[in-house]
Amino acid sequence: MSEAIAYYPGCSGLGTSKEYDTSTRAVCAALGLSLVDIPDWSCCGSSPAHTKDHVLSAALAARNLQLVSDMGLKAAATPCPSCLTNLRTANHRCEAAPFKAKVDKLLDDPYAGGVNAVSVLQALTEMVGLDTVKSAVRTPLKGLKVACYYGCIMNRPPELMAFDDCENPMAMDNILAAMGAEVVPFPLKVECCGASYGIPRPDVVAKLSGKLLDAAVGVGADMVAVACPLCQMNLDLRQGQVNRAGGTNFRMPVPYFTQLMAVALNIADEEIGFSKLCVDPRPVLSKALAVAD
Amino acid sequence: MPVLTGKELRIVGFLCNWCSYGGADTAGVGRFNQPTDLRIIRVPCSGRIDPLFIAKTLINGADGVLVSGCHPRDCHYAEGNFYARRRLEVLKRFLPILGIDPARFDYTWVSASEGQRWQKVVTVFTEQIHALGPATRHENVSPELLAKVASAIQGGNRVAA
Amino acid sequence: MRIGVFVCHCGSNIEGTVDTATVAKASLDFPEVVYATDTMYACSEPGQDGIIQAIKDKNLTGVVVASCTPRMHEPTFRRAVERAGLNRFMFEMANIREHVSWIGRDREANTNKSVDLVRIAVEKLRRDAPLIPSKFSVNKRVMVIGGGVAGIQAALDCADGGLEVVLVERESSIGGKMAKLDKTFPTVDCSSCILGPKMVDVAQHPNITLHAYSEVDSIGGYVGNFQVQVKKRATYVDWELCTGCGACMEKCPSKKNPDAFNEKIGPCTSINIPFPQAIPKKAVIDPTTCRQFVKGKCGVCAKVCPTGAIKYDMTDEIVTEDVGAIVAATGYDLFDISKVTEYGGGRYPDVITGLQYERLLSASGPTGGHIKRPSDGKEPKNIVFIQCVGSRDKSLDRPYCSGFCCMYTAKQTILTKDHIPDSQSYVFYMDIRSPGKMYDEFTRRAMEEYGARYIRGRVAMVYPKGDKMIVRGADTLAGTQVEIEADLVVLAAGAEAAKGAPQLAEKLRISYDKYGFFMESHPKLKPVETNTAGVYLAGSCQGPKDIPQSVGQGSAAAAKVLALFSKDMLESDPQISRVDIKRCVGCGKCIMTCPFKAIKEVEFRGQKKAEVIETVCQGCGICTSTCPQGAIQLSHFTDNQILAEVNALCQS
Amino acid sequence: MSRLDALKTRIKEALPGLECVIGWQKGYDALHNTPLFIRGEADVDKLEWGALNVHNPAVYLPSFAGKKVGVVVKGCDSRSVVELLQEKLIDRDNVVIFSAGCDGVVDIAKVRAKLAAAGLSAGNAEKVTVDGKTVTVTAAGKAVSMPLAEVAADKCLRCQFPNAVLADAFVGDPAPQVQAAPAADADLAALDAMSVPERMAFWRYHMDRCIRCYACRNACPMCVCRDHCIAQSREPHWLSQEDSVTEKLMFQVVHAMHLAGRCTECGECQRACPMDIPVLALKKHLNRTIHDLFNYQAGVDVAAIPPLLQFKLEEDNIKERSW
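Sequence lines, in order, name chains V, U, F and Y. Numbering-wise (the UniProt record's numbering), the first sequence opens with residue 1 and increments by one. Numbering-wise (the UniProt record's numbering), the second sequence opens with residue 1 and increments by one. Numbering-wise (the UniProt record's numbering), the third sequence opens with residue 1 and increments by one. Numbering-wise (the UniProt record's numbering), the fourth sequence opens with residue 1 and increments by one.
Hint data in this document are derived by calculation from the structure and do not stem from the laboratory. We treat Cβ as the ideally placed atom computed from N, Cα and C, and that holds for glycine.
Straight line, CA to CA, 30 Å or less: simulated DSS-like cross-link-like pairs of lysine-lysine:
no.	chain 1	residue 1	chain 2	residue 2
1	V	Lys105	V	Lys74
2	F	Lys177	F	Lys198
3	V	Lys74	Y	Lys319
4	U	Lys120	F	Lys394
5	Y	Lys319	F	Lys499
6	Y	Lys68	F	Lys608
7	F	Lys264	F	Lys177
8	F	Lys232	F	Lys177
9	Y	Lys67	F	Lys600
10	F	Lys394	Y	Lys319
11	F	Lys514	F	Lys264
12	F	Lys582	Y	Lys88
13	F	Lys381	F	Lys468
Which chain F residues stay away from chain U? Per the calculated CB distances, all over 12 Å, these:
no.	residue
14	Glu82
15	Ser364
16	Glu441
17	Leu477
18	Lys608
Please model the entire structure based on the sequences and the hints provided.
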C-alpha cells in the first residue's frame with residue numbers, strides 16, 4: 001500500500017507537540033501511508049486570525065491548500081484539530097464566490113479549490129484501515145486501559161468536519177482497540193479541556209481539565225489518549241495546576257494516540273518521544289503490558 | 001385578455017389534481033406570495049400530460065411551461081408520474097433541436113402538503129422565464145437570421161454539410 | 001351552448017385583490033357566454049339559488065363559477081347545477097382564490113389572471129359532455145388495518161353497525177401501544193382495565209374476523225370492491241389448538257430474548273404470549289432465537305404442549321379478503337433515541353424511553369410494577385425526564401410536536417412519586433403543551449402536588465459518573481447551567497410514522513407526508529378521509545395522537561364506512577376513459593400502461609380493439625396520452641378539452 | 001446461385017401458402033425500382049434485389065393484417081418488421097420473412113446530383129448497373145460511373161444491420177459489417193453545431209416549404225394510425241388545416257414524438273419528401289436521446305418493451321432538477 005497525502009504538521013508540530021509529529025510520521029511510514037511534506041507551508045492563522053478577520057484567516061489556510069494543489073495532490077492530513085478546523089473552514093467559506101474573490105485578492109497564487117483537509121486520525125481510518133492497522137501490530141497493548149479523548153473540535157461542527165459521530169466519536173477507540181488496548185468507555189470524550197484559557201483564566205482550565213481527569217480515573221483508565229496538542233498540554237503540563245486547584249493527586253499519563261500506536265508497532269523510542277511528556281507513561285505502560293503477559 | 005405587456009410573460013402550468021394542484025392550493029391557503037404569470041391547467045395525473053401538449057403550447061408561443069406531479073412513488077394512480085418522468089425528460093431534450101430553449105420547460109414534483117415548495121418552484125421558474133425574456137415564435141424569426149441560415153443550407157436543400 | 005359565468009367575491013377574500021365585476025364583464029366576450037355576474041358568496045344558499053335561478057331564467061346549458069379551488073366546492077356546485085336540471089358535468093370552476101387572490105396583491109394582474117382562468121374554464125366547458133354515472137354493487141365488508149385502540153374502536157363500531165369486519169394486526173395480539181401503558185392521563189386510570197374489555201369485545205364479536213400476526217400483502221380493486229391479500233405469518237403454533245395455557249413458556253429453555261412487548265428491557269422466551277391479557281391469547285415461536293430452529297434440536301414446547309399445537313414446519317399463508325372499504329389505523333413508532341448520541345440512549349442502560357418507563361411502572365411489566373433501573377435493579381431516587389427527544393427538532397428532521405409526551409411525562413412524575421415517595425423527578429421541557437379537557441390542570445398537579453421540578457431548557461449532555469448519570473442542561477428561566485445527578489434518565493422519545501407506513505400507503509394508493517404519516521383528504525373538513533375513495537384513516541397513522549383523539553377518529557372512520565355502506569349501489573365516477581372503436585388500431589399500448597388493468601382486448605368484427613372496464617378505470621388518463629391516434633379519451637379531460645385550454649392561453 | 005435467384009427459389013417454394021409476397025420490381029425508369037406484390041408464380045421473376053431497392057416494404061404489412069403474407073426485406077427493413085411484431089400489429093405466424101445480405105442502396109437525390117454534375121438529367125436514365133462498389137448510370141447514351149459509397153443512402157453509411165435481424169429464409173452469404181462513415185450523421189452534426197435560435201430559423205425555413213402532403217407519414221412503416229392520424233382528425237383536434245409554419249412544424253413534432261422509442265431510422269420519411277426536407281434529423285435526434293436515457297434501440301428485439309411504455313422506480317440517467 002502506498003497511498004500519498006500531503007502532510008501539514010502545524011506550528012505546534014514543530015515545537016510543543018514535536019512528539020506528536022515524529023510519532024505520526026513514524027506510524028504512517030510503518031503503515032504504508034506516505035506523508036508528503038508541503039514545501040514552504042505557513043501558519044494556518046490559528047485562533048488569532050479567525051477571531052480578528054475571516055478573510056485573512058481563510059487566506060492563510062488557503063495559501064497552504066494551494067501549495068498542496070501545486071504538488072498535484074488532492075488532500076492534506078494534519079495532526080492538529082485546530083489547523084484542521086481552519087483548513088476546512090477556509091474550504092467551506094471559499095465555496096461562496098464573493099468570499100473567495102476577497103481571499104484570492106490577498107494571495108499571490110489564487111486558490112484553485114478542490115483540496116480536502118483531513119485529520120491524521122481520519123487518514124489512518126479511511127486510507128489505511130483497521131485491518132491493516134491490526135495486522136501491523138508487533139507488541140499488542142494488551143492489558144492497557146485507555147480512555148480516548150478527542151477534544152471538543154475534532155468532530156465539530158459535524159457539518160464541517162464530516163467525520164465520525166460528533167457526540168460519541170469512535171475512530172480513535174477503534175484504532176487503539178485494534179492495537180490490542182482495552183478501550184474504556186469514556187463519557188467525556190468530546191468535552192472541553194479549557195483550550196486556550198490556560199493563559200488568561202487558568203482556573204477555568206483547572207476546573208474543566210480536572211473534570212476530565214477525574215472522569216478518566218472514574219472509568220478506570222490507565223492513561224488518556226489524545227489527538228490535540230492543546231488538549232495534551234492542558235491535561236498533562238497543567239496536571240500539577242489541576243491538582244493544586246482541586247486538591248487532587250492525579251498522575252495520569254496523557255500520550256498522543258500515535259505514540260501508543262508507535263509502541264504497538266515497535267517503533268524506536270526517540271520517535272515515540274515519551275520523554276517529552278510531563279507524566280511519563282512508560283512505568284504504567286510497562287506495568288500494564290507486563291501484567292498482561 | 002392579452003398578457004400584461006412589460007409585466008408578465010405567458011407561463012402555462014400543467015398540474016396533477018391530487019398532489020401539485022393541491023400543493024398550489026396549500027400555497028394559496030398559506031398566503032405564500034407568488035408571481036402572477038402562471039396559468040394552471042388542471043389534469044387528473046401527470047401521466048395524462050401528453051408531451052405534445054407542451055410542445056404545442058411552446059410552439060404556439062408560450063414563454064414557459066411548467067409541469068408538476070406527485071413525487072415518484074406517491075402517484076395517486078400508482079404509476080402515472082413514472083411514465084410522465086420518462087416522456088417529459090425525452091421532450092425536454094427534444095426541444096432544443098426544434099429551436100426552443102429547453103429552459104422554457106421544466107417539470108417537478110410537489111405534494112399537496114408542500115405549499116412552500118410550490119411557492120419556490122413558481123418563483124424560481126418565473127424568474128428563469130423572465131431572464132430568458134419573451135419567446136420568439138417560428139413565424140417571427142428575424143429576416144436576417146432566416147436569410148443567414150437559409151444561405152447556409154446547400155445542396156438540394158438538405159442540412160448544411 | 002348557453003354559458004353563464006358567476007364570479008365570486010368570497011367576501012373580501014377574492015374581491016380584496018380581484019375586480020370581480022370586471023372579470024364578469026370581460027367574460028361576456030367569450031364565445032357562447034350569454035350571462036355573467038359577480039356574486040358575494042357563490043357557495044352560500046343565496047349564491048347557489050342565484051345560479052339555479054339564472055340557469056332557469058337564461059336557459060343556461062353550462063355554468064362556470066370563478067371562486068375557490070375545485071378541490072373544495074366542485075361537488076357543491078355540481079349538485080347545484082344538477083338541482084337546476086343540468087347534467088352535473090356541464091360545469092367548470094376557475095380557481096381565482098387559492099391560485100390568484102391569495103397569492104398576490106397586484107389587483108390589475110390578479111384581475112387579468114382571473115379573466116384568463118375564466119376563459120380557460122369556458123373553453124373547457126364548451127367541450128364538456130353530459131356524463132351519466134353507472135351503478136355498481138358494494139361489498140359491505142370492511143377491513144381495519146391495525147389493532148391499536150383506534151383500530152379496535154373502528155372495528156367495534158362497524159361491527160355494532162352490522163358490518164362484517166376483518167381486523168388485521170401485525171403483532172400476535174391486538175392492543176397496540178395502549179396495551180403497553182400502565183396508566184392513562186389525565187385520569188390516571190389503568191390502561192389495561194379500560195382497553196381490556198374492548199379487546200375482549202373484538203375477540204367475541206360475531207361480526208369480527210381477526211387476523212393477528214398478519215400483514216397486508218397487496219391490495220387490488222376499488223371502492224366497494226377491494227381484494228386484499230393478507231399474509232398470515234407463520235407462528236409455528238396451530239392457533240386452532242393453542243389454549244394459551246402458557247405451559248410452553250414455562251418450559252422453554254431459551255429465556256433471555258429481548259421482549260418486544262416490554263420494549264426490550266426485559267427478557268422473554270422464544271415461544272411467547274406477549275402479555276396476560278393478549279387477544280388472541282396464543283403463543284408464537286420466534287424462529288430467530290428458538291433452539292429448534294437455530295440449533296435444529298430442542299422440541300421442548302412440542303413435548304409439553306397439552307394439545308399438540310406446535311408445528312415447526314408451518315409456513316406463511318396468504319388469504320384473500322374481499323371488502324368494500326378499508327380503515328388504516330396503523331399507529332406510530334418511537335423515534336430511535338440512540339440517534340441522539342449526546343444523551344447516550346442505547347449506550348447507557350439507565351437512559352430509557354418513556355414507553356420503557358411505562359413498562360417499569362406496569363404490574364405486568366418485567367419488574368412487576370416496581371421501579372427498578374435496568375443497570376443494577378436499584379430503585380432510583382432522582383429521575384430526570386427529558387422532553388422533545390426526536391420532536392420539535394429540525395436538526396433531527398423531526399420538526400413536528402409529538403403531542404402527547406408532555407402529558408404522559410406529567411403522569412409518569414405523579415406515578416413515580418406514588419411508587420417511591422422519597423423520589424424527586426426533574427423535567428427538562430421546552431414548552432408544556434397541554435390543550436385538552438383537564439390536561440393543563442393535570443400538569444399543574446404534577447408540579448404542585450407531586451413536587452416534580454420542571455426546568456425550562458434543553459439538556460446538552462448525559463454521561464455516567466460512578467453509578468449516577470450526570471444530566472447537564474440549561475435552565476433558561478434562571479439563566480444558569482444545571483447539572484443533576486440522576487439515577488435514571490427517561491427520554492420522551494418522539495412519535496414517528498410506523499415502520500412500513502409509506503409502503504402500505506403505496507398499496508392503499510393514498511398520500512403520505514415526508515415523515516411517513518398518511519395524508520387526510522382535507523386537514524380540517526375531511527380528517528379521516530383520504531383522496532382514495534373507500535379508504536379511511538384513524539389514529540396516529542395520520543399524525544401523533546393521544547388516546548381520546550385516536551378513539552374519536554376510530555369512531556369517525558366507522559361512521560364514514562357506515563355512511564358509505566348505507567347504499568346498496570354506489571355510483572361510479574363517470575370521468576373515465578372511453579375508446580373510439582373506429583380509431584382504435586388494436587396495438588394494445590393502452591393495455592400495457594394502464595396501472596389498474598382496466599383495459600382489455602376485445603374482438604370487433606374480426607379486429608382487435610381495446611375496451612375500458614368501466615368500474616375498474618380510475619380516470620388517470622395515462623392511456624389517453626399513450627394512444628398515438630387519440631382513440632381512447634378520458635372523459636372530461638379529453639385531448640380536445642386540454643387543447644382548447646392551451647389554445648385559450650396561447651392564441652395571441 | 002445469386003442472392004436474387006436464391007430468393008426466387010425460396011419464394012416459389014413458399015408462395016402456395018401465402019396471400020402475397022412483397023418485394024421490389026423494375027420501375028418506371030431505369031433508376032427507380034418500385035414495390036412488387038407477388039401473387040402468382042409468374043410474378044416471382046419480376047423480383048429485383050440490389051442497390052435500387054430503396055423502399056421499405058414493411059410499410060405494407062399492417063394492411064395485410066390477418067392474412068398470411070411474405071415480405072422480402074433488407075437488413076434495415078427487417079427492423080421495421082421486428083417493431084411491428086413487437087407492437088402486435090402483425091402476427092408472427094402470418095408473416096414469412098425472406099432476406100439476403102445487403103450491400104447498401106442508393107440515394108436517388110445523390111445520383112441525380114452526380115448526373116447533373118456530368119451535365120445529364122436523371123429523367124433520361126436508360127440503364128443502371130451496380131457492380132460491387134460502383135454504380136454506372138447510362139443517360140442519353142453516356143455512361144457515368146460513381147462509387148456506391150458516394151451515392152449510397154446516408155443510412156447505409158452507418159448501417160449496423162446489413163443482414164436481417166429476423167428472417168425465416170435468409171439466402172446467400174451475409175453481407176460484411178459496415179464501418180460507420182463520418183459523413184453518416186452530418187445532418188445531426190450540423191444541427192448540433194447551430195445555436196438554438198439558428199435551429200428555429202432552420203425549421204422555419206424548411207417548414208415554409210412544406211406542402212403538407214403527408215408523404216413522410218405515408219412512407220413511414222411505423223405510422224400505424226393510417227386513416228386515423230390526428231393530423232387530420234377533428235376528435236381529437238390537434239392541428240388546424242391552416243397552412244402555417246406552426247401547424248406544419250407541429251405535425252413533424254407529432255410524428256417524431258409518436259416515433260420516440262419506435263423509429264428504426266429507415267429514412268423513408270425523408271426519402272419520400274418531395275421537398276427534400278430533412279425530417280429524419282428530428283427522429284435521429286430523438287433516437288439518440290432515447291439511447292442516452294434508456295440504452296435502447298428500436299427494432300432489434302421482438303420481446304423488448306419500448307422505453308416509453310415502461311419505467312424504473314429509480315431512473316438511471318434522469319437527473320431531475322432540484323429547486
